[in-house]
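Chemist: Residue strings, one per chain:
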Amino acid sequence: MPWPTVRAATTDEELMAMYAYLHNLPLVEGPAK
Amino acid sequence: MFDIVGVFIIIVLITLFGYLTTRAWKLKNAMLKWGGVIIAGLLTLISTALLVLALVGFYKLNERFDNPIANVQVTGTAAQIARGEQLAHMCVNCHATDSQLPLSGTDMAAKFPFPPLGTLYAPNLTPSGNITDWTDGEVIRAIREGVHKNGRSLLVMPAETFRNLSDDDVQALVAYLRSQPATGGPTPNNKFNLLGALFLNLSDFRTAQQPEGSVTAPQPGTAEYGKYMVDILGCRFCHGDQLQGKLDNGQPGPPPGPNLTLIVPKWTEDQFMTFFNTGKLPGGGTVPMLTLPAGFRSLACPGRRYAPLPPMKN
Numbered sequence: 001m002p003w004p005t006v007r008a009a010t011t012d013e014e015l016m017a018m019y020a021y022l023h024n025l026p027l028v029e030g031p032a033k
Numbered sequence: 001m002f003d004i005v006g007v008f009i010i011i012v013l014i015t016l017f018g019y020l021t022t023r024a025w026k027l028k029n030a031m032l033k034w035g036g037v038i039i040a041g042l043l044t045l046i047s048t049a050l051l052v053l054a055l056v057g058f059y060k061l062n063e064r065f066d067n068p069i070a071n072v073q074v075t076g077t078a079a080q081i082a083r084g085e086q087l088a089h090m091c092v093n094c095h096a097t098d099s100q101l102p103l104s105g106t107d108m109a110a111k112f113p114f115p116p117l118g119t120l121y122a123p124n125l126t127p128s129g130n131i132t133d134w135t136d137g138e139v140i141r142a143i144r145e146g147v148h149k150n151g152r153s154l155l156v157m158p159a160e161t162f163r164n165l166s167d168d169d170v171q172a173l174v175a176y177l178r179s180q181p182a183t184g185g186p187t188p189n190n191k192f193n194l195l196g197a198l199f200l201n202l203s204d205f206r207t208a209q210q211p212e213g214s215v216t217a218p219q220p221g222t223a224e225y226g227k228y229m230v231d232i233l234g235c236r237f238c239h240g241d242q243l244q245g246k247l248d249n250g251q252p253g254p255p256p257g258p259n260l261t262l263i264v265p266k267w268t269e270d271q272f273m274t275f276f277n278t279g280k281l282p283g284g285g286t287v288p289m290l291t292l293p294a295g296f297r298s299l300a301c302p303g304r305r306y307a308p309l310p311p312m313k314n
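Protein chains in written order, with the working numbering: chain A, 1 to 33; chain B, 1 to 314.
Calculated from the structure, these hints are not laboratory results. These numbers were taken from a predicted model, which means no experiment stands behind them. There's no promise every hint is true.
Covered stretches of chain A (chain B as the covering partner; in silico rule of three or more C-beta atoms under 8 Å from a C-beta of chain B) [unchecked claim]:
#, stretch
1, 1-9
2, 12-18
3, 21-30
Built from N, CA and C at the ideal position, the CB exists for glycine as well.
Between the sequences and the hints, there should be enough to build the whole structure, so can you do that?
Modeler: Take a look at the structure:
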């Protein structure tokens, strides 16, 4: 979902909760370029 | 849903190529005979294969699902409508021509560069649109399970994401849909042509799923709630199942997003908020405002298959 859509669909508190989740995720190796 | 003209044309082609094959078989010149048999025979086989694939596609299009309909009547409180309006922004890319509320429907072929698969509309969800005579339970089933009122699968509907919506949130969404200003009339029914049926058979757009019970959102303000939001917003479509990122390798599917497990842990909360408020990255630069809806590339690129969804957990 494009970031402006995410922004429109979330409150500040929800974005901060998303940050709390994403910030603490363990590193997962992504696909190599 | 059936393209009788398209099917008739392909049957005529099969008959024609079959006739030419038999004619070639009777030729005395060996080169003409075998050349004609091989070419006309191949065309006969290809046409027949296309017909079979299309017929199976039409079968899938018309397949009915008997997912139970919840006996729910949404109250439509002011708080529900406000929450629903916020969540409805998740729907604007497909259900609004100008990507703004209200959700008055979109001719997908006009908004996006679709191949000519037939008539494909994201329905008008306002009170004068397509779900006026649907019960709240039927609307909830459509959102979370991708099943039309008539039992058919809703094509392209990202129910695999919206099935994560909590009972409260999906009811809020319904409350908002009912509260929108009546805008326009019902959009036309979707109708796939022969090409659409062929593509459908090469892909699997069945979104109908049987959920197990209801969904409750975690406590707001927690990381668990953040995961809930990531799930209902469909972040994994573009960023991968583990948010490990995807590369644009030319394969069908949603647009590729970067590895969030690598990026976000390096950001501060302020940088994260600034990004979503402005699109500006902490290191400079901006992220373009993509408008491609989830699932779109999979329709344009029929090779993608949706894997069966696991049972929904409470």
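Chemist: Does each hint hold? Answer for all of them.
Modeler: Hint check results:
| no. | hint | in the structure |
| --- | --- | --- |
| 1 | 1-9 | holds (count 9) |
| 2 | 12-18 | holds (count 7) |
| 3 | 21-30 | holds (count 10) |
Violated hints for the displayed structure: none, as all numbered hints are satisfied.
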